[in-house]
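Take the given structure of chain A and dock chains B, C and D to it, following the hints.
Protein chains: 4
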Amino acid sequence: MPIPTIRIAILGASGYTGTELLRLLLCHPAAEIRALTAERQAGKPMAEIFPQLAPFKLPDTVKIAAVDWSEIDFVFCALPHGTTQEVIAGLPAAVRVVDLSADFRLSDPAVYAEWYGGPHRAVALQRTAVYGLTEHARPAIRAARLVANPGCYPTASMLPLIPLLKAGQIDPGSLIIDAKSGVSGAGRDAKQANLFCEISEGMAAYGVGRHRHMPEMEQELALAAGGPVSLSFTPHLIPMNRGELITTYVRLINGATVDGLRDTLTAAYRDEPFLSVVPAGVAPQTRHVRGSNRLHIGVFADHRPGHAIVISVLDNLVKGASGQAVQNMNVMLGLPETMGLEQVALFP
Amino acid sequence: MPIPTIRIAILGASGYTGTELLRLLLCHPAAEIRALTAERQAGKPMAEIFPQLAPFKLPDTVKIAAVDWSEIDFVFCALPHGTTQEVIAGLPAAVRVVDLSADFRLSDPAVYAEWYGGPHRAVALQRTAVYGLTEHARPAIRAARLVANPGCYPTASMLPLIPLLKAGQIDPGSLIIDAKSGVSGAGRDAKQANLFCEISEGMAAYGVGRHRHMPEMEQELALAAGGPVSLSFTPHLIPMNRGELITTYVRLINGATVDGLRDTLTAAYRDEPFLSVVPAGVAPQTRHVRGSNRLHIGVFADHRPGHAIVISVLDNLVKGASGQAVQNMNVMLGLPETMGLEQVALFP
Amino acid sequence: MPIPTIRIAILGASGYTGTELLRLLLCHPAAEIRALTAERQAGKPMAEIFPQLAPFKLPDTVKIAAVDWSEIDFVFCALPHGTTQEVIAGLPAAVRVVDLSADFRLSDPAVYAEWYGGPHRAVALQRTAVYGLTEHARPAIRAARLVANPGCYPTASMLPLIPLLKAGQIDPGSLIIDAKSGVSGAGRDAKQANLFCEISEGMAAYGVGRHRHMPEMEQELALAAGGPVSLSFTPHLIPMNRGELITTYVRLINGATVDGLRDTLTAAYRDEPFLSVVPAGVAPQTRHVRGSNRLHIGVFADHRPGHAIVISVLDNLVKGASGQAVQNMNVMLGLPETMGLEQVALFP
Amino acid sequence: MPIPTIRIAILGASGYTGTELLRLLLCHPAAEIRALTAERQAGKPMAEIFPQLAPFKLPDTVKIAAVDWSEIDFVFCALPHGTTQEVIAGLPAAVRVVDLSADFRLSDPAVYAEWYGGPHRAVALQRTAVYGLTEHARPAIRAARLVANPGCYPTASMLPLIPLLKAGQIDPGSLIIDAKSGVSGAGRDAKQANLFCEISEGMAAYGVGRHRHMPEMEQELALAAGGPVSLSFTPHLIPMNRGELITTYVRLINGATVDGLRDTLTAAYRDEPFLSVVPAGVAPQTRHVRGSNRLHIGVFADHRPGHAIVISVLDNLVKGASGQAVQNMNVMLGLPETMGLEQVALFP
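Protein chains in written order, with this note's numbering: chain A, 8 to 355; chain B, 8 to 355; chain C, 8 to 355; chain D, 8 to 355.
Simulated from the structure, these hints should not be mistaken for laboratory data. Among the hints, erroneous ones may be present.
Treat identical chains as interchangeable: a pair holds within one or across any two.
[As the list claims (entries may be wrong)] Derived pair list, reagent style DSSO-like, types lysine-lysine, alpha-carbon separation capped at 27 Å:
{"#": "1", "residue 1": "51", "residue 2": "198"}
{"#": "2", "residue 1": "198", "residue 2": "70"}
{"#": "3", "residue 1": "51", "residue 2": "70"}
{"#": "4", "residue 1": "51", "residue 2": "173"}
{"#": "5", "residue 1": "70", "residue 2": "173"}
This is chain A alone, in the form it adopts within the complex:
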């Protein structure tokens, strides 16, 4: 089969998810980078914004308004939450889009308004968006014009939970998700709180009890559970660049066992190229997925009878963002799903 040429624009190419898209797409046989936007740095060569890209031929950055859409087949939108919705609403109908922001992840406008402080400004478009947790939405993604790429925490948390909820093995009323993440998820904006000296050699929780990834998880997990779920979600910032580890405490129901949970996950993901269930007794480590599009899952007995602990790890910039975005593009375009995503994890 001849490999087609996909002419790609990345909106918001000066952030970490933007450059990570470039890292992946530069090795993707079908991708041709045609436009890169960066509003505040328009006109700059990418080699100045990201010197590691200097060896590659890339277009200079432009403002979104300057993109020639007749040359673009596919858009990755890596813009901030809030400004994204109007930008995507203004794109020509012919381009297909994976959006990495939160703007199109929530299907209920009321929930959006509650968590984002005001009404959505592209509600009609929002209704057409497909929530792109790839392994669980392939048919809809294939048909979609606009895919809302899941957040890193929801991806890491929900991939293990969805099969278990569907199997009726865990209590949807008691999901305690303790999440730990490297710092790259916080973005590239100059903030004192993210300085090296403020982050290294220390850790802390943040957004306790009110993180915006919660409604996204409640929405999708309810679909899997066939009814509302009750969850607790606490993210922590860890002094490392990439990697996310989720420790989920679940209550077993319907006679489920720890081994039964592992079996369910193993069966559900047996043929998935990017998901692995690690053997019993092995603890998944973020360093084993660094730079790769993989997610590893481990299942453990809890010291409390009738409970289990599920641990999942991914690289927040790859499977948690840009990697899953490329995976979604591959599905949308009928390309092999692993195309451009076969990197081995970088260790050490």
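Just chains B, C and D, lined up with the frame of chain A:
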């Protein structure tokens, strides 16, 4: 009041808790370091084992058998679990001891045998040992000859939980303790798993469902709760030297509220020199206690109604080990409790 | 001798050198913190700016204009270069000052103008300032009203070089100073280049061939050499918080040997409380001085005959900034020079 | 052109260079991994030794004695110095070899004996080995059966220096090489000195004046200079995994200028796929080559007239070891030189 001179021996001075004891005791006005032991490196000057101690006059290391006990008033024992019990059993009755190992923490010989793979070899001595969680055991510590210094995880986990259990505000049947620790707690032995390249830029859980600090917590929390507790404890290794953060998920009972929990802790610890409850909405950070003997606690509403999240942080080598050990010595000897422990946290 | 009470103001208390002054002064028996300034955050409690200071009673921050100078005996000025000179020129004559900025380090107004892009605005005051490299300027410091605290790189570089130049053992025409520093020297301002993700897991040189610490070193080393020196100075940014390591390549003259260099330094600094020459064959490490006011020096044979390599390490926030500032205060006020500066290095 | 299948054995697959070879070769279209050896862990699946390799089908490790050489076309030898020479001497003549150890890098047996403490045990074989600094030895590499892969420091140091020496622009009698490296170069053996707590938040020089990479550089640079060179080489250990930065201080001769040096390097490496000369004023950073096979060079004016500073960066595990090894294999086999080596640097 004239300051007395306490002649001190540190057994196991070549590890991280040993050198941390030295860091603290070298600034302690009553402490005189008389003997340092290191079995495998006996005869070496401390300046070779820890070059940062070169500027200080310290005795060369010797084997334990070579210590002249007539010159020693007080012993800190920082030896490995298992070998400790016989060493302490062989000490002259006149020296008082703080033991930093796990050997004397469990009061029930059967529980010890279950978790440590065999019977205790100094059961009579074990019966006399006082569990030294300083803030909750001062009278017993004052009178003790042998104090079992608590583990770092139990110290960080239990200081917030004990007042809440005593007040009947949280369910003793549902304590989920998600712990994160820097690497210094793993000790100074040459192990591949603790190499810089194996640890940096990554994280993982370990000992899931079966960490040896669990029985210690069950024992002490049951005393506070007035009955058995059920707990889940999962430690994670984080790429940093010092610092431990505990996220505990609790169920509110007897009409308790999140503010009520914070009030209980604030009242309980109002006069404590080393414990603080941070204001509502503030997340405790390990970097704010680095190098100090302090523990900070925050209380948060859980997204699940009727639940709360309690976060506590300490430096595992100070309040989690050597600092609390010095604090216990101060109590045992009737010295001001903060003597030698007034360091301000090192930040950044 | 009764300990006097020194009423202290810290101007610019919200940066890293400001808080480091507080860490040291809170343990200094003579220091009483009376005023803390922070122009942009005036009115904020220090507990908000630096939560690790929450346990201590400290005045809220004010603007400089709001300080009641009748209550202040001594000022530490930790303000940015350029704005400092006018602030200090406006202080009452009765307060004595240690200035941590570069504003008063260069004695020649022409050199200042060349490197700082314009004429000095307090030239008369500049003429009275004493360059405070403590170990080499005690009499002048004792008498000074205004001491210009040396930069971190000059302190680390010049303490080993001055005795060697004075002894005529090394060629003043060929000093190659390769410097490596942790990130805290770059300050607490929110800059993209200093984000955790931009700094960790990487290193780079900066200011190659034109760093502002060069004229300061040329000025002081020329005094030691009795004539002009020619130096190369290249700083590198290393992914760590604290610590500076200087590798200096020198040419031996007048029959000098490597051992002779070590002897000169050992003799020069034998009675210095904060300086050590490490034994032959031992490599000084920054981690052995972290958090302490110490500087360690090693001398090595170069593979090129007739040359030597001198390595020196310090903590850039302590001996390279706030520690040396407190040391200078002690000298100015006739206090024991080590008062408040006896911390043992924090390791690990 | 059809891609051939190269049947590959990696001897010493349990170390960092071994696993890095696997990371690269698993994405190399011509490579087929047929045998992996690990003497002490023979029989273990790679998934246990390196869990990040679990998703890939790889042979279990065996002892070298158990390899079926009839199935192997090409060998990468990543064994320790000293044991390597006999192993390679025992290989069948038909397999071609890239050796990553130091055993075959020195062409003069006397120099080998001086630096490695005894005579070489495969002198005849040593005579046939080609020193594989790819960009400067392609014809010989193409024809070689055995290529000695250069050390990481020599690769990073010599690639900038060789063209400058050949051009007669720098003084071969005065090369001062100040090297900084991440820790992965120290290997995966369990050593106390390489523990996370011993390495993080600190730096130090090591092997000052006597590092084994010196004779290798003297040998190769003398060839470029057409006569003996005199060099000083001082490596430093930096708290990061990957990355090496070399700061070289050179004296300009024959009227050379800084711009002239940059022009020489730009011209020499214009068509090289993996080498870049960065624009004037830009400082090369290790993070821009992390995980890639690239080397970046910058040239700067020294503050001392008549001197220049050359800075080069690479990833010690890729261009400094396994990447250059694969590049050499490509040359030896007539494959496109960049095959399997087109990864974009991983940042952040």
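Structure-based check of each hint:
no. : hint        : verdict
1   : 51 with 198 : both (22 Å within a copy, 19 Å between copies)
2   : 198 with 70 : both (24 Å within a copy, 23 Å between copies)
3   : 51 with 70  : within (11 Å within a copy, 40 Å between copies)
4   : 51 with 173 : neither (49 Å within a copy, 36 Å between copies)
5   : 70 with 173 : neither (45 Å within a copy, 46 Å between copies)
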